[in-house]
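This is what each chain is made of:
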Amino acid sequence: MSLRKIISNKTMSAFAVILTVFASTSVFAQEAAATAKPIDMGPIYKSTLFYVLLFLLLCLFIAIVGKALRVYELTRETQGKPEGINWDTVNGVLFAIFLVVGLYGVYWEYTVHGEMILPEAASEHGKRIDEMFNLTLIITTIVFILTHIVLFAFAYFYKSSGNRKAYYYPHNNSLERIWTIVPALVLTVLVLMGFLTWRSIFYKIEDPNNKPLSIEVTSSQFQWDIRYPGADGVVGLKNYKKITAINALGIDFSKKESLDDQVADEIVLPVNKPVRFILTSKDVLHSFYMPHFRVQLNTVPGMTSYFEFTPTITTDEMKVKTNDPSFNYLLLCAKICGSNHYNMQKPVRVVSQAEYDEWVTKQTPYLTDDLRKVFNLPVPVAPATPAKAADTTAKDSTAITNQIALKK
Amino acid sequence: MSTISLQDTHHHDNHDDHGHHHETFISKYIFSMDHKMIAKQFLITGIIMAVIAMGLSILFRLQLAWPDKSFPLLESFLGKWAEGGRIKPDFYLALVTIHGTIMVFFVLTAGLSGTFSNLLIPLQLGARDMASPFLNMLSYWFFFSACVIMMGSFFIQTGPASAGWTIYPPLSAIPKAIDGSAMGMTMWLISMVMFVASSLMGGINYVTTVLNMRTKGMDLWKMPLTIWAFFLTAILGILSFPVLVAGVVLLIFDRSFGTSFYLSDIVMGTQVLPNEGGSPILWQHLFWFLGHPEVYIVIMPALGISSEIISINSRKPIFGYHAMIYSLIGITTLSFIVWGHHMFVTGMNPLLGGVFMITTLIIAVPSAVKTFNYLATLWRGNIRFTPAMLFAIGLVSFFISGGLTGIFLGNAALDINLHDTYFVVAHFHLVMGSAAIFGMLAGVYHWFPKMFGKMMSAKLGYLHFWLTFICAYLVFFPLHFLGLDGVPRRYYAFTEFEFMNKWLTVNVFVTWAAIIAALAQVAFLFNFFYSIFRGKKAPQNPWEANTLEWTTPVEHLHGNWPGEIPTVYRWPYDYSKPGAETDFIPQTVPFSQTMSSNLPHDFEGNTEAEEIQKGWEVKNKPAATEAE
Chain A
0 MSLRKIISNK TMSAFAVILT VFASTSVFAQ EAAATAKPID MGPIYKSTLF
50 YVLLFLLLCL FIAIVGKALR VYELTRETQG KPEGINWDTV NGVLFAIFLV
100 VGLYGVYWEY TVHGEMILPE AASEHGKRID EMFNLTLIIT TIVFILTHIV
150 LFAFAYFYKS SGNRKAYYYP HNNSLERIWT IVPALVLTVL VLMGFLTWRS
200 IFYKIEDPNN KPLSIEVTSS QFQWDIRYPG ADGVVGLKNY KKITAINALG
250 IDFSKKESLD DQVADEIVLP VNKPVRFILT SKDVLHSFYM PHFRVQLNTV
300 PGMTSYFEFT PTITTDEMKV KTNDPSFNYL LLCAKICGSN HYNMQKPVRV
350 VSQAEYDEWV TKQTPYLTDD LRKVFNLPVP VAPATPAKAA DTTAKDSTAI
400 TNQIALKK
Chain B
0 MSTISLQDTH HHDNHDDHGH HHETFISKYI FSMDHKMIAK QFLITGIIMA
50 VIAMGLSILF RLQLAWPDKS FPLLESFLGK WAEGGRIKPD FYLALVTIHG
100 TIMVFFVLTA GLSGTFSNLL IPLQLGARDM ASPFLNMLSY WFFFSACVIM
150 MGSFFIQTGP ASAGWTIYPP LSAIPKAIDG SAMGMTMWLI SMVMFVASSL
200 MGGINYVTTV LNMRTKGMDL WKMPLTIWAF FLTAILGILS FPVLVAGVVL
250 LIFDRSFGTS FYLSDIVMGT QVLPNEGGSP ILWQHLFWFL GHPEVYIVIM
300 PALGISSEII SINSRKPIFG YHAMIYSLIG ITTLSFIVWG HHMFVTGMNP
350 LLGGVFMITT LIIAVPSAVK TFNYLATLWR GNIRFTPAML FAIGLVSFFI
400 SGGLTGIFLG NAALDINLHD TYFVVAHFHL VMGSAAIFGM LAGVYHWFPK
450 MFGKMMSAKL GYLHFWLTFI CAYLVFFPLH FLGLDGVPRR YYAFTEFEFM
500 NKWLTVNVFV TWAAIIAALA QVAFLFNFFY SIFRGKKAPQ NPWEANTLEW
550 TTPVEHLHGN WPGEIPTVYR WPYDYSKPGA ETDFIPQTVP FSQTMSSNLP
600 HDFEGNTEAE EIQKGWEVKN KPAATEAE
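Protein sequence lines correspond, in order, to chains A and B. For the first sequence, position 205 (counting from the first letter as 1) is numbered 204 according to numbering that gives the first Met the number 0, and the numbering increases by one without interruption. For the second sequence, position 153 (counting from the first letter as 1) is numbered 152 according to numbering that gives the first Met the number 0, and the numbering increases by one without interruption.
If you are wondering where the hints come from, they were derived from the structure by calculation, not from laboratory data. Keep in mind that the hints are not guaranteed to be accurate.
Unchecked claim - In silico PhoX-like links for lysine-lysine, alpha-carbon gap of 25 Å or less:
id : chain 1 : residue 1 : chain 2 : residue 2
1  : B       : Lys-501   : B       : Lys-27
2  : A       : Lys-45    : B       : Lys-79
3  : A       : Lys-272   : A       : Lys-361
4  : B       : Lys-87    : B       : Lys-68
5  : A       : Lys-240   : A       : Lys-372
6  : B       : Lys-501   : A       : Lys-318
7  : B       : Lys-68    : B       : Lys-79
8  : B       : Lys-501   : A       : Lys-320
9  : B       : Lys-535   : A       : Lys-66
10 : A       : Lys-45    : B       : Lys-68
11 : A       : Lys-372   : A       : Lys-361
12 : A       : Lys-254   : A       : Lys-361
13 : A       : Lys-203   : A       : Lys-272
14 : A       : Lys-66    : A       : Lys-45
15 : A       : Lys-126   : A       : Lys-203
16 : B       : Lys-453   : B       : Lys-39
17 : B       : Lys-215   : A       : Lys-66
18 : B       : Lys-536   : B       : Lys-458
19 : A       : Lys-210   : A       : Lys-126
20 : B       : Lys-175   : A       : Lys-241
21 : A       : Lys-255   : A       : Lys-241
22 : A       : Lys-66    : B       : Lys-453
23 : B       : Lys-221   : A       : Lys-164
24 : A       : Lys-241   : A       : Lys-254
25 : B       : Lys-536   : B       : Lys-453
26 : B       : Lys-535   : B       : Lys-458
27 : B       : Lys-458   : A       : Lys-80
28 : A       : Lys-80    : B       : Lys-535
29 : B       : Lys-175   : B       : Lys-79
30 : B       : Lys-39    : B       : Lys-501
31 : A       : Lys-164   : A       : Lys-80
32 : B       : Lys-175   : A       : Lys-240
33 : A       : Lys-66    : B       : Lys-458
As the list claims (entries may be wrong) - Beyond 12 Å from chain B on every Cβ pair, some chain A residues (computed):
id : residue
34 : Glu-76
35 : Thr-77
36 : Gln-78
37 : Ala-183
38 : Ser-199
39 : Asn-208
40 : Asp-315
From the three backbone atoms N, C-alpha and C, an ideal C-beta is built for every residue, glycine too.
Isolated chain A, as found in the complex (with noise of 0.2 Å):
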């Protein structure tokens, strides 16, 4: 076993003894030693000490540090000497110091951890998110430079000397003028770029010759349901008083746009078509994460909320770029909503639209036969098949989730 392996397993074991103290209870200690299956802990409570004891010998040496400090220093006054150690200089040598290491771990940073991080947006308007996100990191990574090696050049130059004496400088009404425009004028040009963008995001137009797949989210603890709206292209609707241990959602099958909908076990997108998410939640907050995308919304009990974009690249094209053959779109969960929120996944997959077409008509339709026989349904003799193609004019006169919330 490494060092460093050992080090990892006691010493966490040994810094849990001294920072859980507080948030603890004797009580419970009892009980779980009483029930839980014996543990030789002699072991465990060794290394503990032992690693306090290091933590002890480590502060002894400080202290012994210090009082050599301390004597050296009296010794220097004894004899008349100037102070020992200028304690100004160090810490403004120090400050240099973290200057320059500092900015080479901020590059470390943004090449080794920044080569981390999502790929590019597979999504159109992710594409200018990721547009507008670059000219806000080159903005403030310029300013976050600069800032800083004023800020400690100022505290390595200006550190304290004996003969010198500050320069008694109050105030300088330009000055203070220059550094309230600019940055105003910055963030002007921010909101704006910003503000277009989430315009565009949230305020579609919508194309009569291209319409939006409709596809209903519902989540709960802790789980995603996917509601494809079968031939009709319509989402049924539902009511939260309907859910039973058979019907889930909740959908009303007295409607007729409810009869073909699909059940999906991953979210299955076309590429290079809108996708228009229904997003419901049954129990308590979730957040509909799709970073690849750069598509998050809420999901709300009681509200329904809707975010339409277009994948622009699919899983195939992406494990290309990525070079990664195991990738794979996600769906998470981003809002914290209980036990289980840090697995509350779905996958995501964007296929060309002949795949897409091939896969869709293999999903099995919400209603079973127990179902039908719920809503007094004609139950039919051979196996049930989704309803037949509607024809395209009856889309647009049932189409409750055209009914756009958001659009203006």
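We have chain A already, so just place chain B on it with the hints.
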């Protein structure tokens, strides 16, 4: 004014006649009504809460770094919450919730404002005590009870609140949704109501004292920036905290009395809840109407403290005193109309998103002005690196770093992908967590001599600063990149997603940095408590500062000044004034004693004084007047 000065003389006579009032242990140390003692009570309670919250953070950092390792010791201490030596997901969420709550409210609001407003407002303004000492005492004891109740929730069967420190309903409203929303959440809510009561009593007291009890000559534009910051912070608190109470009361109603303010259309499993017509978004509006001013309640006192410390230790006047105040006022005003930037992706009307983006980015302007003014104050200074000064410079660095990432998050379009990711965690831990805690530490190092009459060890202070400063960056800088990779916050483990595996090593690194930072605080704690009892005795004015608090005797006495309260003649930032004998001129020194250093600007248009000054200059500085 006349009545106050009358009272002052009366008070003064009392002291001469009878000496001190008879003080028992209880009236002096426990139910004290002396602002200095109350400040110390706030500080020590705040430090204890900070240590607890830091401990909690180490616990969940352990889980994040080694998600599949067992720590049997955890089970010994946490029992069923860490069965088999591994923290459970529910308890993990409880840890982050309570860590956030304690840090934001108990440490950085009460610990920071409570300590320094109480200590400095009377001392720097020249008042004998707060306007209402009894209210002040009550404020502390409400705060203390709030702390006890919050910590008490660790000792109940279902565990502490665990819906995140923002306790968004329905998760926080429905006990079935998560264990922490049972009794634990009730205790959270009660604790928070008491906390708000405490901070309101404090705030009203601060505002009243600042407005009514300034000493002679201390007009508003002669107040130190610390006082301006505390004053505006108190106003913010008074205006925004009641909104949180309103929200909390509605949530209590929803939880306990079956109302539907925040709940509608909810099905737990297959059980349909009867609530109809409420909206979870309403809570978010109410919460963030406090919540956003709250982050300025946290940061403004820290900015005020660092303004004072940077000016003193650069031996220079703060650059742009008026601009500093106007930017504080700007931040105060704007902070009320930016709360929606926490809600860009909640499904709120996108039009509102656009509006809140504009207001949010405007608030960056006064923040930028403050930063540049700090830099200009350092320029050509004669910087003394006291531990307080180091922490103040650290604050400026964090304020820049965290402030800049705020520009990303304040932009609604960028927030879509960054919301609720580690980018947010990194952002606010830098700009509001680290910066504010550095302001608080700077204040402790700086005013420790005033509080306890003893000096803290500077060398341990250096050690403390450098370890904390470096480790804070090591902890929070890498977290930005997790956020840019789309890793959401409040995830119990990164094991369930393949793309997160690459961040596991980063998590180990960050946890180690956090542990070192936590251990570095031992240097502070030791220094703090050791110096209270064994520290070197403090001199009258250890930092050679101008403000009034350094004119009070080192030994505390009730009423602060033994004789009459000193009169103030000048602003607090006359450092290194050309022509002056020393590099600082206290506020109590009249211009008549500093003829050689007076500037035309000092007289604020008082023609008589200008004449006298001119006459003096003709007599004493013929060369200078000829040159003009």
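Self-check item: Restraint status (C-alpha distance of Lys-536 (chain B) to Lys-458 (chain B) at most 25 Å)
Solution: 17 Å, holds
Quiz item: Does the alpha-carbon distance linking Lys-501 (chain B) and Lys-27 (chain B) stay inside the 25 Å limit?
Solution: 57 Å, violated
Self-check item: 25 Å limit on alpha-carbon distance, applied to hinted pair Lys-240 (chain A) and Lys-372 (chain A)
Solution: 18 Å, holds
Practice problem: For the pair we were handed, Lys-175 (chain B) and Lys-241 (chain A), check the Cα-Cα distance against 25 Å. | Solution: Holds. Lys-175 (chain B) to Lys-241 (chain A) sits at ~20 Å (cutoff 25 Å).
Quiz item: Within a Cα-Cα threshold of 25 Å, do Lys-372 (chain A) and Lys-361 (chain A) meet the stated pairing?
Solution: 24 Å, holds
Quiz item: Given the hint that Lys-66 (chain A) pairs with Lys-45 (chain A), does the C-alpha gap stay at or below 25 Å?
Solution: Measuring from Cα to Cα gives roughly 31 Å; hence the hint is violated.
Quiz prompt | Hint consistency between Lys-66 (chain A) and Lys-453 (chain B) [alpha-carbon to alpha-carbon, up to 25 Å] | solution = 19 Å, holds
Quiz item: Asp-315 (chain A): least C-beta distance to chain B exceeds 12 Å?
Solution: 17 Å, holds
Exercise. Classify the label on Thr-77 (chain A) as holds or violated, using whether its beta-carbon is more than 12 Å from each beta-carbon of chain B.
Key: The claim stands: Thr-77 (chain A) keeps its Cβ more than 12 Å from every Cβ of chain B (closest is about 18 Å).
Quiz item: For the pair supplied as a hint, Lys-221 (chain B) and Lys-164 (chain A), is the alpha-carbon distance within the 25 Å limit?
Solution: 24 Å, holds
Quiz item: Can the restraint linking Lys-254 (chain A) and Lys-361 (chain A) be considered satisfied, given a maximum Cα separation of 25 Å?
Solution: Holds: Lys-254 (chain A) and Lys-361 (chain A) sit about 23 Å apart, inside 25 Å.
Quiz item: Is the Cα-Cα distance between Lys-536 (chain B) and Lys-453 (chain B) 25 Å or less?
Solution: 5 Å, holds
The structure fails to meet hints 1, 14, 17, 30, 37 and 38 from the earlier list, while all remaining hints are met.
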